[in-house]
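Asks: Protein sequences, first through last, are from chains A and B. To get the numbering used here, take the position in the first sequence, counting from 1, and add 74. To get the numbering used here, take the position in the second sequence, counting from 1, and add 1.
Worth flagging that the hints you see were computed from the coordinates, not collected in a lab. Treat the numbers as computed from the prediction; the structure is a model and nothing was measured. Relax, there's no trap hidden among the hints.
Here are the computed lysine-lysine pairs in the PhoX-like style, where the Cα-Cα straight-line distance is at most 20 Å:
#1 B:K42 - A:K96
#2 B:K23 - A:K116
#3 B:K42 - A:K116
#4 A:K96 - B:K41
#5 B:K39 - A:K111
#6 B:K42 - A:K111
#7 B:K10 - A:K116
#8 B:K41 - A:K116
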Amino acid sequence: GENVEQHPSTLSVQEGDSAVIKCTYSDSASNYFPWYKQELGKRPQLIIDIRSNVGEKKDQRIAVTLNKTAKHFSLHITETQPEDSAVYFCAPPGGYNKLIFGAGTRLAVHP
Amino acid sequence: DTEVTQTPKHLVMGMTNKKSLKCEQHMGHRAMYWYKQKAKKPPELMFVYSYEKLSINESVPSRFSPECPNSSLLNLHLHALQPEDSALYLCASSQDRLAGGNNEQFFGPGTRLTVL
Numbered sequence: 075g076e077n078v079e080q081h082p083s084t085l086s087v088q089e090g091d092s093a094v095i096k097c098t099y100s101d102s103a104s105n106y107f108p109w110y111k112q113e114l115g116k117r118p119q120l121i122i123d124i125r126s127n128v129g130e131k132k133d134q135r136i137a138v139t140l141n142k143t144a145k146h147f148s149l150h151i152t153e154t155q156p157e158d159s160a161v162y163f164c165a166p167p168g169g170y171n172k173l174i175f176g177a178g179t180r181l182a183v184h185p
Numbered sequence: 002d003t004e005v006t007q008t009p010k011h012l013v014m015g016m017t018n019k020k021s022l023k024c025e026q027h028m029g030h031r032a033m034y035w036y037k038q039k040a041k042k043p044p045e046l047m048f049v050y051s052y053e054k055l056s057i058n059e060s061v062p063s064r065f066s067p068e069c070p071n072s073s074l075l076n077l078h079l080h081a082l083q084p085e086d087s088a089l090y091l092c093a094s095s096q097d098r099l100a101g102g103n104n105e106q107f108f109g110p111g112t113r114l115t116v117l
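Turn these sequences into a full structure, and let the hints steer you where they fit.
Replies: Rendered as structure tokens:
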């Protein structure tokens, strides 16, 4: 089955710094690469995704980059703010109608 | 309506009780999901329904029984649970891949279940 690894497990940055989270997957047939954000006590919510036919996608302060050859994709957050503090999950597909969630990265942004 | 709703928000039950969790969406999604999430862990897939038919059961114990009465509703019936089943139960929905969906899943707020 699909094997997903996410690093780091925790990340602590100062407000205004950048944060990068990496996700490695095993299924070479994967063609959809999302990142979900889960704030404390809240539901997971999609923040950005990318399809396999592009290498990078940006949405304001967040971006996702994809390296299909190396089978990894990364979440980049620039100019971090305290409200970015949350757990972030990558979730590449693991079959029909199925996402495989990474173990999560707990991001803390300190003012 | 772009939300998935779940009831109840909290549930405390004994090991001999029978209870049900409910999930509803009105986005026209034909794929619906149940996940279990323990503290500081990722959501763990339990069941997937596609066009009201069970398509994935991730070897979930039979004390959890899913039901999809129509395209908007998803239930999870609980019976004879164990304390280790205490967790946040999340429902999600998405366009079905058969309909060209992109796998984006929309999550409900969850039911926090405590089994005594």
